[in-house]
Amino acid sequence: MEAYRRKRGADGRERVEIRLRGPQLLNHPMYNRATAFARDERRSLGLEGLLPDVTSSMEQQVLRAYGNIVRKSEPLERFIGLAALQDRNEHLFYRVLGDHLEEFLPIVYTPTVGLACQQYSRIFRRARGLWITPEHKGRMSEVLTNNPYEDVRLIVVTDNERILGLGDQGAGGMGIPVGKLALYVAAAGIHPAQTLPVSLDVGTDNEQPAEGRPLHRLAPAAAARRGLRRRRRRVRARGQAALPEGALAVGGLQAVECLPAARALPQGAAVVQRRHPGHGRRGGGGDLRGRARRGPAAR
Amino acid sequence: MAVAGIFAAARAAGRRLADERVVLAGAGAAGVGIARLFRAALEREGVAADALLGAIALVDSKGLVVGAEDEYRRDLAWSPELAAARGLCTGSPLLEVVRATKPTVLLGVSGVPGLFSEEIVRTMAAQVERPAVFPLSNPTSSSEARPSDLLAWSGGRALVATGSPFEPVEWDGRRVRIGQGNNAFVFPGVGLGVLVSEAREVTDGMFAAAADTLAAQLSGEDRETGSLFPRISELRGITAKVAEAVVRQAVSERVARNPPEDPAEAVATAMWDPVYPAIDVV
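Going down the list, the protein sequences come from chains F and G.
Per our numbering, the first sequence starts with residue 1, numbered consecutively.
Per our numbering, the second sequence starts with residue 300, numbered consecutively.
So here's chain F without its partners, still in its complex pose (with noise of 0.2 angstroms):
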């Protein structure tokens, strides 16, 4: 797990510590500023030759990035782009959806991002978000470390069952979350590296056509499934006043948001606690702890 360092400096203006040099750097979407690094950090960060000549502001950026975006007639094309630009540059993508909400809410949220989900295998670029899976039974907090940042505070879970009325989409269904998050980013300022999408991925019976081998778990989906809605069943039954409003059952997505503070995972395998130790604004160094428990969760 990375810490994304993030301070307030003298002036009120926001500041990063970067570490990462070169290449590295420009393919890591939170660092990346491309042409908008200006000469002097290009010196220092190992950015020289890497990148056009020019400089440029972040204005001329969205511009661009506008432009190459609406290019494209297509909703499933527009979300293909879209989706690229969060992952190569997180500040121009929420800079660019958050100027033309009215125009790309309906690309990153619904409806077209249901399709997105629908079609996930096929357009698949690179990976985001936690797929947490039965495999993954007893090593939880293992792969829970193994999420992109250490101060998360707003996780989105799906079960990916009932995908916007869509049914069941596998590991498609990951598009819910990713949208819902960019929505609470380019909505309430949450910061991009304090969010999570995840996936209780137990597998799907739904094939959906793809070029190639489908990105889903197959096999085991039916037996998995059926542990999956018992846990639920019971977790439900334990009261809803564990569960936020919105979530499991009651959400109209069938997407669990895990609010702040611990909350319920149906899977009976992951209870995400956050403790944060309570410095700085509570930024920079609040951690992200994943505890396997064996049965229904709990608190």
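Keep in mind that a hint or two might mislead.
Residues on chain G that point at chain F, a partial pick, calculated with CB under 8 angstroms [unchecked claim]:
hint	residue
1	T439
2	A483
3	G490
4	T538
5	Y575
6	P576
Simulated from the structure, these hints should not be mistaken for laboratory data.
Heads up, the beta-carbon is just placed ideally off N, CA and C, and yes, glycines get one too.
Let chain F serve as the given structure and place chain G on it in line with the hints.
Then chain G, alone, in the frame of chain F:
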């Protein structure tokens, strides 16, 4: 979000919230959630007993829900006596329910395209001055009705909000912007409010505060043109208001672990702006 639409419709129509009667088509998870939240709002208005139960009629694919066995909606289902008193029974079809209950709000989360037929909408419009009709199902192809039809069938009197985005409708020389009852107006603000206040739980009261705040965000122009939801382009500012209300509610319900002195300022400080930060090379 849907409840915010009902609040906004009551305001636009000049009705008291306690006088709203809702027929909810689609009694799945989303419908039941909306019904519960709206019922909590009615209770706060002092509505009780049979008037409370009768204020919301759940209709699913099998018709009116009466004496449901499934636990999760048993408390919302009508009693056989209540249904009989209105000339209805288990499975009464939507049209009959609309005719018998004279709803002020017809809300669809059914996923059934075209469910709100011309006959149903005309029946409703003959019974109330400003019928509020919310075909909320997504995507567009599943919408229970098209806004242009709803305005035509109601002589332009319908207060319309949809789940999917629709183009504005020209009616009688004016341009009616169709408010999109997107849950994006609610959940980011609730999440932010919970984070800022470090709330221990998310209460119905916090969602109600969010709905109330959202309904209050309509511009004068929105009200004039009969739009029930603000523009998506205003989402960030609205989210800040919603979050602030959620923080205040969390504090008043004593579930906030970190009650800020100034909720508005705390929310503003917490919101990240996508601008490149200054770099410290380490």
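request  = Quick one: which hint numbers does this structure break? Sort them smallest to largest.
outcome  = Result: no hint breaks.
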